[in-house]
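> Protein chains in written order, with this note's numbering: chain A, 1 to 382; chain B, 1 to 667.
Source of the hints: derived by calculation from the structure; they are not laboratory data.
Note that CB positions come from ideal geometry on N, CA and C, so glycine has one too.
Misleading hints may appear alongside valid ones.
One side of the interface only, derived from the structure: several residues of chain B facing chain A at Cβ under 10 Å [said to hold, decoys possible]:
1. 353
2. 466
3. 468
Quick list of the computed label-pair ranges, beta carbon to beta carbon [to be verified]:
4. A:174 <-> B:601: 51 to 59 Å
5. A:17 <-> B:51: 48 to 56 Å
6. B:599 <-> A:256: 40 to 48 Å
7. A:256 <-> B:353: 46 to 54 Å
8. B:527 <-> A:256: 38 to 46 Å
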Amino acid sequence: MTAAAVRPFDEMMDELAKAGASSLYLCYQCGLCTSTCPWSEVRDVSVRKMLRQAQLGIGGLEGDDLWLCTTCRACAARCPRGVDIPTVIRAARSFVAAAGAEPDRLKTVRGHLASAQNPWGGKPEERSRWAEGLNVRPFEKGMDVLLFVGCTAAYDPRIRTVARALVRILDAAGVTFGTLGNDEVCDGDPALRIGDGDLFRSLAERNAATFEERGVEHIVAISPHSFEALKHEYPKLGASFEVEHYTQLLARLLDQDRLKLRSDGNVPVTYHDPCYLGRYNGVYEEPRKVLESIPGVRLEEMEPNRADSLCCGGGGGRIFLETPPEERFSNLRIAQAERVGAQVLASACPYCVLNLEDSSKTTAKSPLAVRDVAEYVAERLA
Amino acid sequence: MTGGTRKIGVFICHCGGNISDVVDVNAVREFAAQQDEVVASTDFRFMCSNQGQARLQETIKEKGLDGVVVACCTPKMYEDMFRGSAKEAGMNPYLLEIANVREQCAYAHRHEPEQATEKAKALVAAQVAKVRNLRPLDVKTAPIHDGVAVIGAGIAGIHAALLLGNAGHKVTLIEKSPTIGGNMARFDKTFPTLDCAMCTLSPKMNDVFNHPNVDLMTYAEVKDAVRAPGRFTLTVVQKPRYVTDACIGCNRCTEACPVSGPKSPIKVESEWNLGLSPRKAIYLPFSQALPQQWTLDADHCYYFQRNHTCGICAKVCPADAIDFTQRPEEVQVEVGAVVVATGYRPFDASQIPQYGFGKYADVYHGLQVERLLSSTGPTNGKLLKKDGTPPQSVGIIHCVGSRDEKYRSYCSRVCCMASLKYAHLIRERTGARVYNFYMDMRANGKGYEEFYQRVASEQVGFVRGKPTRVTDQATAPEEEGKLTIVVEDTLAGVVLRVPVDMVVLSTAMDPEDVDGLLASLKLDKSPDGFVKEYHLKINPTETAVKGIFVAGCAQSPKDITDTIAQAGAAAMSASMFLGSGSMTLNPLVAEVNPDLCRACTRCSEVCEFDAVRVDPEALVAIVDETSCEGCGKCTVVCPTGAITVRQFTKTQIAASIDALAPKAVAP
Ligand SMILES: Cc1cc2nc3c(=O)[nH]c(=O)nc-3n(C[C@H](O)[C@H](O)[C@H](O)COP(=O)(O)OP(=O)(O)OC[C@H]3O[C@@H](n4cnc5c(N)ncnc54)[C@H](O)[C@@H]3O)c2cc1C
Ligand code: SF4
Ligand code: SF4
Ligand code: SF4
Ligand code: SF4
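So here's chain A without its partners, still in its complex pose (with noise of 0.2 Å):
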């Protein structure tokens, strides 16, 4: 092969610069976002090559590779020149797509919510069928919180379950609070992470000028997803309202003596820091708290934990695209989590139950169960 002479992608380097990606150029090659990286545990990618090629701005991001990455920020949180990995990627994705060069699946799932507000394909109307039976009021000023449901918990009749056990828990505490019921769409997390800023931006407005018309203050998340655009992504628009991740409520409501909790025998679990709820958003000790608030729970710390915890691999899009059985992380956290003798493996996040769910039922040697915090405590309500 003779070699090619460097042509410089201006109009890519230019996108990249303006998309915010440019701590890129700090970038000193080592390598440590690769190994760092979940992926190189299960299949041959280099983070570092990708935002090499990038820096000279000769190509090369087109490929499926561009896809993989879950933002998971296990990356970021380690490199020595603190480049911004995920928004780099973030923004080689906008460029890309812009071009109409995602996979398709991604296409869809961009049609979704640009027609039903939703990832999923779920009817608008259909959005609140989740709360069925509950008795679930819309939010009106004096309410203590605005309960952000967010699509996933709204759609999927396996998550559905976490939300219908926090409005347990919520009113077992006296907690009073509402939702938008139909009128709530998309957080935009997706549509942001898989480079349609146009989108999130879109759907951001309509959720902040709800927010505005109904005097929404306070803002209590089930996903971490929906906490982190909240938290960090609205307020670039111009919104502001206070937001906490449910598990922040619940440590404190503990905290207040506002929630009684029955013994579940002696049981060892595990907890699972989901990246959106733990490196983005620092928050590692309240969910391990209210686990160790149920009596008779053990918690036992799986390798690695905290600020290195393992992604699910349910970030960044990754939930909507298929990932072979081999090429799981959550496989791999199944394993970790049965090495530390666990017979309960909880989280915090639908994408993380989700995913773990499906590889405990396939990889778990003895059976694991998987749960959310919310609906372990719902269950454990004395």
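Given the coordinates of chain A, assemble chain B with the ligands onto it according to the supplied hints.
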């Protein structure tokens, strides 16, 4: 021109066009000539040239000037020089002021020449008004004390102390640990020559120890420093050794001491061996330590910790050298100059938990490996794992903490070569496979690239990549019982898992913890935490404090070659400073009118430089003229106007302001 009492000259500089291309210098000259008490007004192409200064001096003499305004560039450039010329011509130099018409007029208003000219006139008028109100100042000089203190007795401090002693100065060398030698004394060999470290260091240690002009204080620390003109008074705490200089070095006490014995509840690790071996409560750090005087560590001694039980050392000592009654002693050391040579310490590798330091037994940091390779170390120079067997493979990770914005952004400069040194010594002594994990190989000293070549030829593996982790979790039979290093080989573009028996972390160099010392000497740190030099490029051995110099790794990470070079330069600078005999004091600092001072202490409360204090007996504020920066903060809070900064009194400042804004401005 009206006849006044002062004779002021105004000199307007063209700055070769920099000023005169924008400012109409003729107009400014004519304007100046009209000011009260101005007897000469002239302009010149370059006031800073020899002819310009000659013109200044001639005019001073001819017209008998007792005030000068030079309208030129910033006072930072040539104020001192013009004052010097004025002095030579017989005028008091502090009657000269600069009007900055270059930066503040010509540069700032390049495109508005008319306004620039008007502003230049106003600035000249303001300075003329100020000069009218100036009074001549005496320049005080203070004799410089002829002694010098060197703080830290590593290779930098030892070398500087020797040179200063040889030059005839009286040196006090202060070392906080029980022995001199510093980190270099821990090494077996030094790169790139692989000389025996102690063979080069030991003679210097002995020389300094025996030098008639060097007074050595070991196990001693500077607690406080007071600055006065030409003199520093250091309060040095001599920590109790509980062993007198009668000690003959027989080691019987150490042999008898029960501490760290197999059944002893009190255990302590050797600082010298960086935790790799136990030590007794009474000890000598290593066999060539100097002085050869044992030290008793009261914090880990049964006599002190368990109610005077034990005391065995005193019983076995043939020289009667043990004295349990010693107490810390404070000694005042007066000197004229100080050399700071406090060196470095290793970055704490447990801050990067992924590398397993403190978690896996066979993960070591660089200085520990120096001890493992040293014939005076815990394994007598044999490289052994914790289980006592030699490793068959070793991984050396470069840049641990260095060049990493999450820890230390700087390059520690010696780790590449130190890592090559380990690679060579380990291969030579054990035949083990060695892998170096590096990002960039920095071999920029004399003989370094050649050393890199030599080590590479010894079949050392080089993997370009920063490892993500060291783990004991095996995923393949070859990894069982090993530590596996996970890394992207960035040259091959594949992720490798490299199983090894031992991991060496080439940790960053951190500055020694000297915050207290720097605070009492009023020295600053650079953003990286090392002592701040006067100027990074052209004055790396002086500091912002006159009379204080810095050498070695106290200033920045460096190898022994550079340490020696800088220590020599610091000694030379200190010697010249001491040799000048006296220093002139800047008179433009605060002074107190004792008649007005009410001893309210408000000035001392606001002064950021601790330069003013109220004498409790005389009940009057006293300014330390070497510490005062002339910032004027105190003058604002003083209720009676007792404290003023010379040439910045209220009348002097008011005169300038009136000249700048002659008409009252409507509110
Ligand atoms: C692992 C490693 C290997 C190395 N190998 C080599 C090599 O092979 N070749 C080479 O050229 N360079 C090598 N270096 C660099 C070398 O160690 C330094 O250049 C040299 O030791 C610097 O000397 P120093 O006197 O400035 O500091 P130090 O050696 O650190 O000495 C400072 C002294 O000051 C004392 N001190 C500290 N604070 C105070 C205080 N407040 N009061 C009184 N005393 C104080 C300390 O106790 C110490 O004795 C290596 C460095 C490392 C980290
Ligand atoms: S970890 Fe950072 S510096 Fe290293 S290759 Fe990745 S992006 Fe570049
Ligand atoms: S964010 Fe996670 S998945 Fe994406 S490149 Fe970084 S480590 Fe890999
Ligand atoms: S203190 Fe006494 S016993 Fe100990 S080494 Fe010195 S002389 Fe020997
Ligand atoms: S002028 Fe400034 S430095 Fe001098 S005594 Fe006053 S406050 Fe301190």
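> Taking the hints in turn, state whether each one holds.
Against the structure, the hints:
no.	hint	verdict
1	353	holds, 8 Å
2	466	holds, 4 Å
3	468	holds, 4 Å
4	A:174 <-> B:601: 51 to 59 Å	holds, 57 Å
5	A:17 <-> B:51: 48 to 56 Å	holds, 54 Å
6	B:599 <-> A:256: 40 to 48 Å	violated, 55 Å
7	A:256 <-> B:353: 46 to 54 Å	violated, 34 Å
8	B:527 <-> A:256: 38 to 46 Å	holds, 44 Å
Checked against the numbered hints listed earlier, the structure breaks hints 6, 7; every other hint is satisfied.
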